[in-house]
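2 protein chains.
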Amino acid sequence: MSGTTRIIDIGESLFDDNKRRAEALRAGLSARGVLMVDLMGSPGSGKTSLLLETLRRLPAGIRAAVIEGDLDSTVDADAVQDAGWDAVQIRTGGYCHLDAAMVSAGLEKLGFQGPADRPYDLVFVENIGNLVCTGQSDVGAQLRVAHLSRPEGDDKPAKYPVMFRNAHVLALTKSDYDAFAGPGGPLAPFDADAVRARARFLNPEIRIFQTSCRTGEGLDEWTAFIAERLRSCRLGAGR
Amino acid sequence: MSGTTRIIDIGESLFDDNKRRAEALRAGLSARGVLMVDLMGSPGSGKTSLLLETLRRLPAGIRAAVIEGDLDSTVDADAVQDAGWDAVQIRTGGYCHLDAAMVSAGLEKLGFQGPADRPYDLVFVENIGNLVCTGQSDVGAQLRVAHLSRPEGDDKPAKYPVMFRNAHVLALTKSDYDAFAGPGGPLAPFDADAVRARARFLNPEIRIFQTSCRTGEGLDEWTAFIAERLRSCRLGAGR
Numbered sequence: 062m063s064g065t066t067r068i069i070d071i072g073e074s075l076f077d078d079n080k081r082r083a084e085a086l087r088a089g090l091s092a093r094g095v096l097m098v099d100l101m102g103s104p105g106s107g108k109t110s111l112l113l114e115t116l117r118r119l120p121a122g123i124r125a126a127v128i129e130g131d132l133d134s135t136v137d138a139d140a141v142q143d144a145g146w147d148a149v150q151i152r153t154g155g156y157c158h159l160d161a162a163m164v165s166a167g168l169e170k171l172g173f174q175g176p177a178d179r180p181y182d183l184v185f186v187e188n189i190g191n192l193v194c195t196g197q198s199d200v201g202a203q204l205r206v207a208h209l210s211r212p213e214g215d216d217k218p219a220k221y222p223v224m225f226r227n228a229h230v231l232a233l234t235k236s237d238y239d240a241f242a243g244p245g246g247p248l249a250p251f252d253a254d255a256v257r258a259r260a261r262f263l264n265p266e267i268r269i270f271q272t273s274c275r276t277g278e279g280l281d282e283w284t285a286f287i288a289e290r291l292r293s294c295r296l297g298a299g300r
Numbered sequence: 062m063s064g065t066t067r068i069i070d071i072g073e074s075l076f077d078d079n080k081r082r083a084e085a086l087r088a089g090l091s092a093r094g095v096l097m098v099d100l101m102g103s104p105g106s107g108k109t110s111l112l113l114e115t116l117r118r119l120p121a122g123i124r125a126a127v128i129e130g131d132l133d134s135t136v137d138a139d140a141v142q143d144a145g146w147d148a149v150q151i152r153t154g155g156y157c158h159l160d161a162a163m164v165s166a167g168l169e170k171l172g173f174q175g176p177a178d179r180p181y182d183l184v185f186v187e188n189i190g191n192l193v194c195t196g197q198s199d200v201g202a203q204l205r206v207a208h209l210s211r212p213e214g215d216d217k218p219a220k221y222p223v224m225f226r227n228a229h230v231l232a233l234t235k236s237d238y239d240a241f242a243g244p245g246g247p248l249a250p251f252d253a254d255a256v257r258a259r260a261r262f263l264n265p266e267i268r269i270f271q272t273s274c275r276t277g278e279g280l281d282e283w284t285a286f287i288a289e290r291l292r293s294c295r296l297g298a299g300r
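Residue numbers (the working numbering), protein chains in the order written: chain Z, 62 to 300; chain H, 62 to 300.
Don't read these hints as lab results, they were simulated from the structure. Hints may be right or wrong, so weigh each one.
In silico contact screen, one side only, chain H against chain Z (beta carbon under 7 angstroms); selected entries [to be verified]:
(1) Phe76
(2) Asp182
(3) Leu192
Using C-beta positions, here's what the derived DEER-type ranges look like [to be verified]:
(4) Z:Ser91 to H:Ala255: 18 to 28 angstroms
(5) H:Ala255 to Z:Thr153: 16 to 26 angstroms
(6) H:Thr135 to Z:Pro250: 15 to 25 angstroms
(7) H:Ala255 to Z:Glu169: 31 to 41 angstroms
(8) H:Gly155 to Z:Thr276: 48 to 58 angstroms
(9) H:Gly172 to Z:Thr276: 43 to 53 angstroms
(10) Z:Ala85 to H:Asp254: 18 to 28 angstroms
(11) H:Thr276 to Z:Asp252: 20 to 30 angstroms
(12) H:Gly277 to Z:Asp78: 48 to 58 angstroms
(13) Z:Ala92 to H:Asp254: 50 to 60 angstroms
(14) Z:Asp281 to H:Gly243: 46 to 56 angstroms
(15) Z:Arg124 to H:Gly243: 32 to 42 angstroms
(16) Z:Arg81 to H:Ala240: 28 to 38 angstroms
(17) H:Asp281 to Z:Gly243: 13 to 23 angstroms
Computed from the model, here is a short list of chain H residues facing chain Z with C-beta under 7 angstroms [unchecked claim]:
(18) Thr153
(19) Gly155
(20) Cys194
(21) Gly214
(22) Phe241
Think of the CB as a built atom: it goes at the ideal place given N, C-alpha and C, for glycine as much as any other residue.
In isolation and in its complexed conformation, chain Z is listed as follows (with noise of 0.2 angstroms):
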């Protein structure tokens, strides 16, 4: 009797299960007109605070939820939590960006069981602090956005490219720190015109948002846009 080998490639393998996953629920998710907006970005780039701010400005009557993904701590669920939102934290110990089956188990706490169950009507999944790995992995939400604030530099497309190239949006946040300048010039340097034109070139399609939490700026165009999104989502569903 002779034995028999087993071949697994666990890269593509796995890459492949994510991605049939995410593409399941984006589906399911979609098919309930229900929007599922992934926020990416580096560690500190303005993610939270965009996300409270566009929170507090949705028009009235939207089920909205946040599912939260760190290595650690619940500070930014808290956060949510405290001013008058629900969310899940995902706790992932080192791994460094959330991927179909966690954000599945994160809906699934928010009440997300059954296929016809639509307990909100918006889901927010705030990603890993990472510019590289979030940007390479689906989780399902129809909607991916990258941020980048000024302090990080204008380089940042040239060096990372794989997260322009996948994002459908692109904020510009923490934009009202152009105003500051210290001895030997600008406090944070950054040629706004040079990225959006470098994500243009890597990403055509890209929606390009300039805000600033602390001003206000471009947050009512930013919720605007998040809204219609949630609208032909909705029509989507209908058809």
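Place chain H on chain Z using the hints.
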């Protein structure tokens, strides 16, 4: 005749392989009195700026070179070379951190070929901008430095503990941001004492420096520390 099944545990075996390679690399550098320093932190945390200031302030006669890691571009290697220092740029495509094999290849390009070659005394590795993955991979350096900038926020040790556990040194960069305030309060609120306490809770041995490349705060102290480490490394090699 029965078949044979060979089992390869990819994760562990890759991990062990890198660890062995990193330890051999470190031992080889230490035996020659060469100090290698791994610079880690988020994108935009100020690694390149602090590196350039350090190179400029090093005591005369130290032969230093830089291995730059990025997903794409030669932005940082260009900056190092423009400042008059030798650099190698490693472009990883999408890979999220450097490992010992990549750094070995960089050292070879710098002229570390035979076991007695000593073209430089001090090699800085500027790792991929990533507060998560770089802290989990040993590149073979004797000194691991985590960078955390003011605008990233003071909650980072709680949210990204792995980096702060594994670094020997923490550089609190962009300290000059403290002097700026906008409508509604400080531009970049940051409780440095809380960060120090949290970092020391995670890692009692960690050395902490506070730096600003704009005002010059902490740069002489920091550079003296690096020079002293290099001196110890040389003395150790002579034993």
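Next item on the list: Using Cβ atoms only, decide whether Cys194 of chain H comes closer than 7 angstroms to chain Z, and label the hint accordingly.
Entry: holds (5 angstroms)
Note to self: Verify the CB-CB distance for Thr135 of chain H and Pro250 of chain Z against the hinted window 15 to 25 angstroms.
What the structure shows: With Cβ atoms ~20 angstroms apart, the hint holds.
Checklist line | C-beta pair Ser91 of chain Z, Ala255 of chain H: status relative to the range 18 to 28 angstroms that was hinted | finding: violated (43 angstroms)
Item checked: Interface hint compliance - Asp182 of chain H to chain Z, C-beta minimum distance less than 7 angstroms -> violated (28 angstroms)
Check: Taking 32 to 42 angstroms as the hint, is the beta-carbon distance of Arg124 of chain Z and Gly243 of chain H inside that range?
Finding: holds (33 angstroms)
Checklist line | Cβ separation of Gly172 of chain H and Thr276 of chain Z, checked against the hinted range 43 to 53 angstroms | finding: Roughly 51 angstroms apart at Cβ, these two residues keep to the hinted range, so it holds.
Checklist line | Range hint compliance [Cβ, Asp281 of chain Z to Gly243 of chain H, 46 to 56 angstroms] | finding: violated (19 angstroms)
Note to self: Please check whether Ala255 of chain H and Thr153 of chain Z have a Cβ separation lying inside 16 to 26 angstroms.
What the structure shows: holds (23 angstroms)
Item checked: When the least beta-carbon distance from Leu192 of chain H to chain Z is tested against 7 angstroms, hint result -> holds (5 angstroms)
Item checked: Hinted contact Phe76 of chain H with chain Z - closest CB pair below 7 angstroms -> violated (12 angstroms)
Check: Does the Cβ pair Ala85 of chain Z, Asp254 of chain H satisfy 18 to 28 angstroms?
Finding: At roughly 48 angstroms between Cβ atoms, Asp254 of chain H and Ala85 of chain Z fall outside 18 to 28 angstroms, so the hint is violated.
Checklist line | Verdict for Gly155 of chain H, Thr276 of chain Z (Cβ pair) under range 48 to 58 angstroms | finding: violated (35 angstroms)
Going through the hint list in order, the structure does not satisfy hints 1, 2, 4, 8, 10, 14, 16, 18.
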